[in-house]
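S.K.: So you can see what is in the structure, the chains are spelled out below.
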Amino acid sequence: VTDDAELLARSDADSFAEFYRRHARRLAGWLMRMTGDAEVAADLTAETFAAALVGRKRYDPERGAPASWLYGIAAHKLNDWRRRGNAEDRARLRLRMERIQLSDEDVAEFERLGSEVSLVEMLEELPDDQREALRARLLEERGYREIARVAGISEAAMRKRVSRGVAGLRGRLRRNAS
Amino acid sequence: VSDFFATLELELRAAAERGPRRRPSLTTALRVLVPAALTLALLGVALVPAVVLLGDGGGDAGQTTNAAELPPVGTVYEPGEGRPPRDTRSTVVATGVAPVAGPWQMETYGSTRLADPETGEEYQPAGLRCLGIFLLDPPDGRGRPLGGGQCGEFPRTPGFSRVEMTVRSAKGEVEEILVYGRVPAEAAAVVVTVDGVERRRLEPLPGPSGVDDDFYLVATPPHWEGGRVNWIDANGNEGSRGHELLPR
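Quick mapping for you: the protein sequence lines, in order, are chains C and W. For the record, in the first sequence the residue sitting at position 175 is 1265 according to our numbering, with numbers rising by one throughout. For the record, in the second sequence the residue sitting at position 20 is 41 according to our numbering, with numbers rising by one throughout.
The shape of chain C in the complex, shown without the other chains:
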């Protein structure tokens, strides 16, 4: 199975389509939860992938996983939507992509996706500093001292940051279960 970074490094349409299929529904669900609006979530999903397509050569594996890069773009678009009140369409315009009108079935699908959540997605919803701390500590199993040094804070502060991140995940799990 070709990994995501390799898919982004290739310039053919099939590779990007495969990258899209792996992440589209999960990302759409996350955007649905963030916005609560299927139309907005659909616009942001399309704009995020359009921006990813335009900028895929900019992806640097040393800066994080492809999924993190993709969610970073999406978070940027999301912030922009919150600031402006409408979803940006710049990348789609540059690619001459049409806006997709949602059917009732599409709206229902977005609502269903918005109700699904995984731990990895919840991790993406945490503040940047907590997400990076949890990823380093829990997924990469690096020591507190090392993570703290890289982040430029004390070991005690890093322990507190990880603890807050875990509490944040726990809260999200509870909300999702209720």
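Hints are computed from structural coordinates only; laboratory data are not their basis. Some clues are possibly wrong.
Stated by the list, open to error - Computed Cβ-Cβ distance ranges for the label pairs, DEER-style: (1) L223(W) <-> I1243(C): 42 to 52 Å; (2) S1193(C) <-> E99(W): 20 to 30 Å; (3) L223(W) <-> E1201(C): 55 to 65 Å; (4) E1201(C) <-> T28(W): 10 to 20 Å; (5) N1176(C) <-> G40(W): 22 to 32 Å; (6) T28(W) <-> N1169(C): 18 to 28 Å.
Built from N, CA and C at the ideal position, the CB exists for glycine as well.
Knowing the structure of chain C, use the given hints to seat chain W on it.
M.R.: Relative to chain C, chain W alone:
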């Protein structure tokens, strides 16, 4: 059955095959920039800074503005609209909040002709591209917006400009320098270095729909004179020869 995801995949496939819309090449840009630079050189004004104090400090003195009052990017002011009223049609292309300067909004507009009323000598032709900034609640204690801007092109760094605004306290002390400008859409980052050491790196701010340029603003401390600002492409290479930060 939902077909949004299948339709989007088809759109993305088609877009991947035809590629993004091409941006103007350097040659095309030079065709526009060189005549503009020549015109300006003939006029003896390579770039025309226009820093102005705005408002009369009357009934609005002491009024504060917070980030929530910043207009959405893409807002257009027609002549006479806005506070203070704009002279020409202008578009808000970026907004933000700087540590000392507070909330700011960046705007593009076209220059108006400036000439000596007695001799008729032209200092600034009409129709140049301008980029300006408004501080909505500057720390100078005057209680009114502060605006500034620059008209003209930077022919040595096509698409990349550097304008500066000095932010002063109520005592007149320089507290912060806002370095801002246009940056090509190909830029992955804008970087400020001082003595060869990277001190700031930030993502360009996308302009509103219909505006091809990206923009940037870096709030720097006053003692960074001698520093440089430049844009970096996706491969980490410098995109231009860069600009020095202006000496104080």
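S.K.: Indicate, hint by hint, whether the structure satisfies it.
M.R.: Hints, verified against the model:
The hint said 42 to 52 Å for the Cβ distance between L223(W) and I1243(C), and at roughly 21 Å that hint is violated. For the pair S1193(C) and E99(W), the supplied restraint of 20 to 30 Å is violated, since their beta-carbon distance comes to about 39 Å. For L223(W) and E1201(C), the hinted distance range of 55 to 65 Å is not satisfied, since their beta carbons lie about 36 Å from each other. Range check, E1201(C) to T28(W): Cβ separation about 18 Å, and the 10 to 20 Å hint holds.
Against the hinted window of 22 to 32 Å, the Cβ-Cβ separation of N1176(C) and G40(W) comes to about 27 Å, which satisfies the hint. Taken as a hint, the range 18 to 28 Å holds for the pair T28(W) and N1169(C), whose Cβ atoms sit roughly 26 Å apart.
The structure does not agree with the numbered hints 1, 2 and 3 stated previously, though it agrees with the rest.
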